[in-house]
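**Q** Residues per chain are reported as follows:
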Amino acid sequence: MTEMLEAPATVEKQRRGTRRAPRPTEPALQARAAAIDVQIEASDPLLVFLQSAPGPLEIGALPAFSPAAARMKEQGVQMVVPLITSGELVGLLALGARLSERTYSRTDKRLLDSLARYAAPALRLGQLMRDQEKEARERERIEQELHVAQLIQQQFLPAELPELGGWHVSAFYRPARTVGGDFYDIIELADGRVMVVTGDVTDKGVPAALVMASTHALLRSTAAVVTAPGEVLRRVNDLLIPQIPMNMFVTCLVLVVDLETGRTQFANAGHNLPFVLRGGQVTRLEARGMPLGLMPGSVYDEHEAEIEPDDIILLYSDGITEQHDTDGEMFGFDRTAALVAAATSGDDLVDRSVDALGAFSAGVEQEDDITLVTLQRGRSGGYHDTASFTVPSAPGNEREVMDRVAAIVDGALSHDRLEALKTAVSETAMNAIEHGNRGDADLDVTVLVRRTAASVVVEIGDYGRGRRHEADIPDIDLKLAGLQPARGWGLFLVERLVDRVEELTAGDRHVVRLAMSVSDGPGDDDPGGEAVAHMSTREGEAP
Amino acid sequence: MSLRYEVGKRGDIAAVRLTGTIDRDAGDALAAAYAAAESASPAVIELDFHAVDYVNSTGIALIVSLLARARAQHVTMRAVGLTAHYQHIFEITRLSDFIEIVQPIPH
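Protein chains in written order, with this note's numbering: chain A, 37 to 579; chain E, 85 to 191.
Because the hints were derived from the structure by calculation, they are not lab data. Small disclaimer: the values here were computed from a predicted structure and weren't measured. Any given hint might turn out to be false.
If you anchor each label on the Cβ, the simulated ranges turn out as follows [to be verified]: (1) E:Gln-187 <-> A:Leu-187: 47 to 55 angstroms; (2) E:Gln-187 <-> A:Glu-531: 24 to 32 angstroms; (3) E:Ala-127 <-> A:Glu-539: 43 to 51 angstroms; (4) A:Glu-176 <-> E:Arg-155: 24 to 32 angstroms; (5) E:Ile-176 <-> A:Arg-256: 24 to 32 angstroms; (6) E:Arg-155 <-> A:Ala-443: 39 to 47 angstroms; (7) E:Val-186 <-> A:Asp-476: 22 to 30 angstroms; (8) A:Glu-531 <-> E:Gly-92: 34 to 42 angstroms; (9) A:Pro-521 <-> E:Val-186: 23 to 31 angstroms; (10) A:Val-261 <-> E:Thr-103: 46 to 54 angstroms; (11) E:Arg-88 <-> A:Asp-476: 40 to 48 angstroms; (12) E:Ala-168 <-> A:Ala-430: 27 to 35 angstroms; (13) A:Gln-180 <-> E:Gln-187: 52 to 60 angstroms.
Listing some non-contacts, in silico: residues in chain E with all C-beta distances to chain A over 12 angstroms [said to hold, decoys possible]: (14) Ala-116; (15) Glu-184; (16) Ile-185; (17) Gln-187.
By construction, the Cβ of each residue, glycine as well, lies at the ideal position given by its N, Cα and C atoms.
Please take these sequences and the hints and turn them into a complete structure.
**A** Shown next as structure tokens:
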């Protein structure tokens with residue numbers, strides 16, 4: 037019998053040949069074969085011994101204190117042939133008793149020695165190929181995991197930036213190859229203010245992406261209930277603690293901006309402090325606090341600042357400040373502040389930051405995700421006009437809503453866009469009357485209209501739980517064939533007639549927000565599935 | 085009633101002139117208009133929207149129902165006088181795949 041053992045390894049050995057073997061044919065041998073395991077530990081002195089062995093060795097010549105030698109002896113091994121190539125022991129041949137029951141002759145040993153010289157390099161080659169395949173599979177697994185992480189992360193980054201009255205928003209995100217846990221979000225609050233969030237999860241890959249997704253969802257759901265940034269962080273921290281893995285945490289900055297006054301409240305959970313550019317001077321919004329997910333019961337101080345017309349705020353992740361160059365130097369806060377000082381606009385700041393960081397780190401792999409979000413207050417301030425009214429939930433009042441909204445936004449939209457908005461308003465109001473408020477005339481439908489130089493936003497509120505969603509996308513072929521009811525066009529029309537439809541909760545009211553840009557062209561930002569997203573939206577700039 | 089109608093005949097075309105609003109209250113008037121139009125066994129029923137000031141999603145559903153009846157009777161439906169906006173709505177609902185649209189009103 038012959039068995040090739042790789043050392044150190046677990047191998048199976050087939051024993052063949054017994055005294056009474058009538059005919060050593062293959063089937064008969066298979067029938068008497070017995071598998072054994074021989075584990076040669078890396079610390080087994082047998083390895084050192086065989087490394088310098090001159091050739092085939094009787095089992096009795098092996099060190100008696102070797103556990104592997106003892107085990108081989110127990111299992112009938114009589115001869116061991118070390119397989120050595122390039123001075124390295126890569127395996128061994130283990131042989132049981134000869135079928136003839138004679139001892140191994142000198143000729144046998146020469147033959148085995150010769151065989152070992154051919155077998156050793158072949159075995160080594162096989163080992164190398166196996167290692168390479170294993171490495172390739174591992175690389176593939178890691179790449180797949182990174183791809184999944186990237187997909188998760190992109191799923192939770194804004195697909196488009198909202199239009200903010202009088203403010204200009206710009207954002208850039210580029211994941212590192214290993215995918216960190218950066219995220220940002222812009223949440224329009226029911227009271228018209230805007231919550232801007234940036235965060236960074238420690239760790240990388242899928243674990244970071246999952247925590248990022250979880251944090252993102254907690255921030256969104258919390259912002260629907262409370263809007264004070266410190267309280268948002270406090271609640272999210274307490275909700276995150278039970279679910280975040282050990283040794284992971286999340287840095288997060290929350291700003292709540294009143295678009296009309298520039299009054300900005302903010303709180304910080306260990307994230308980079310945002311820079312503010314005002315009149316050529318760079319300052320930072322100072323706020324500190326414990327990262328999320330570290331300590332139950334953490335509280336977060338709330339701070340307030342007034343953002344004036346033309347001010348630019350930069351929110352950023354440490355992927356910028358902690359990026360190294362080829363000499364090992366970090367980009368740092370000073371370089372970042374210098375970029376802010378030289379900025380002429382939010383877009384300009386993002387563009388120049390990306391360029392500067394690229395030049396700085398040329399020849400070095402991007403170490404972490406890079407996120408940049410800028411907010412720039414326009415000269416015109418916030419919304420030009422805001423009007424609100426209510427109507428009772430009586431059938432037909434949707435037309436009153438439509439006509440009054442049309443009167444308020446008169447002149448702001450082209451004829452076609454106004455007609456489209458009117459139909460969307462009418463349909464949304466009808467949904468609020470008939471389904472949200474269930475036709476109860478004691479319940480009002482609330483209507484808020486905001487006009488800016490760049491857009492019209494109409495918010496229609498009711499006391500229901502949400503829009504009545506049709507079960508199926510209306511399909512006229514199915515309707516004509518009697519396979520769908522003739523009705524069910526309302527939401528379909530709304531979604532196709534305005535630029536954006538959103539649903540939100542404001543206290544006990546459910547609100548549908550319809551947004552219509554004054555320009556005829558559709559938005560030109562579609563970061564979609566791109567790994568690199570750079571978006572901006574401008575609205576309400578002074579003429 | 086939010087919707088009124090008049091039915092005239094032009095060769096094998098039954099022309100239905102609609103006036104007012106096509107919404108939830110227009111169901112009876114539309115059904116009556118269609119019945120009056122089909123009584124002449126026309127090859128084409130032409131709905132004239134020149135004097136229609138408002139059509140909502142319920143009105144679209146009523147028009148879909150009329151179209152289904154017309155198709156069952158192998159009668160062609162045609163729409164005239166749609167504004168650009170309602171022509172757009174006919175397009176996004178794909179009513180325009182089944183109803184021939186003639187001469188939208190320029191605005």
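**Q** Each of the hints needs a verdict: does it hold here or not?
**A** Okay, the hints, checked on the actual structure:
1. E:Gln-187 <-> A:Leu-187: 47 to 55 angstroms: Cβ of Gln-187 of chain E to Cβ of Leu-187 of chain A: about 50 angstroms, so the range 47 to 55 angstroms holds.
2. E:Gln-187 <-> A:Glu-531: 24 to 32 angstroms: With a Cβ separation near 29 angstroms, Gln-187 of chain E and Glu-531 of chain A satisfy 24 to 32 angstroms, so the hint holds.
3. E:Ala-127 <-> A:Glu-539: 43 to 51 angstroms: With a Cβ separation near 47 angstroms, Ala-127 of chain E and Glu-539 of chain A satisfy 43 to 51 angstroms, so the hint holds.
4. A:Glu-176 <-> E:Arg-155: 24 to 32 angstroms: 55 angstroms, violated
5. E:Ile-176 <-> A:Arg-256: 24 to 32 angstroms: 31 angstroms, holds
6. E:Arg-155 <-> A:Ala-443: 39 to 47 angstroms: About 40 angstroms separates the Cβ atoms of Arg-155 of chain E and Ala-443 of chain A, which means 39 to 47 angstroms holds.
7. E:Val-186 <-> A:Asp-476: 22 to 30 angstroms: The hinted range 22 to 30 angstroms is violated for Val-186 of chain E and Asp-476 of chain A, with Cβ atoms some 43 angstroms apart.
8. A:Glu-531 <-> E:Gly-92: 34 to 42 angstroms: Since Glu-531 of chain A and Gly-92 of chain E have Cβ atoms about 38 angstroms apart, the given range 34 to 42 angstroms holds.
9. A:Pro-521 <-> E:Val-186: 23 to 31 angstroms: Between Pro-521 of chain A and Val-186 of chain E, where Cβ atoms are some 28 angstroms apart, the hint holds.
10. A:Val-261 <-> E:Thr-103: 46 to 54 angstroms: 50 angstroms, holds
11. E:Arg-88 <-> A:Asp-476: 40 to 48 angstroms: 31 angstroms, violated
12. E:Ala-168 <-> A:Ala-430: 27 to 35 angstroms: Holds - the Cβ-Cβ distance for Ala-168 of chain E and Ala-430 of chain A, about 31 angstroms, lies within 27 to 35 angstroms.
13. A:Gln-180 <-> E:Gln-187: 52 to 60 angstroms: Given about 58 angstroms between the Cβ atoms, the range holds.
14. Ala-116: The claim stands: Ala-116 of chain E keeps its Cβ more than 12 angstroms from every Cβ of chain A (closest is about 18 angstroms).
15. Glu-184: For Glu-184 of chain E, whose nearest Cβ neighbour in chain A is about 15 angstroms away, the distance exceeds 12 angstroms, so it holds.
16. Ile-185: 14 angstroms, holds
17. Gln-187: 18 angstroms, holds
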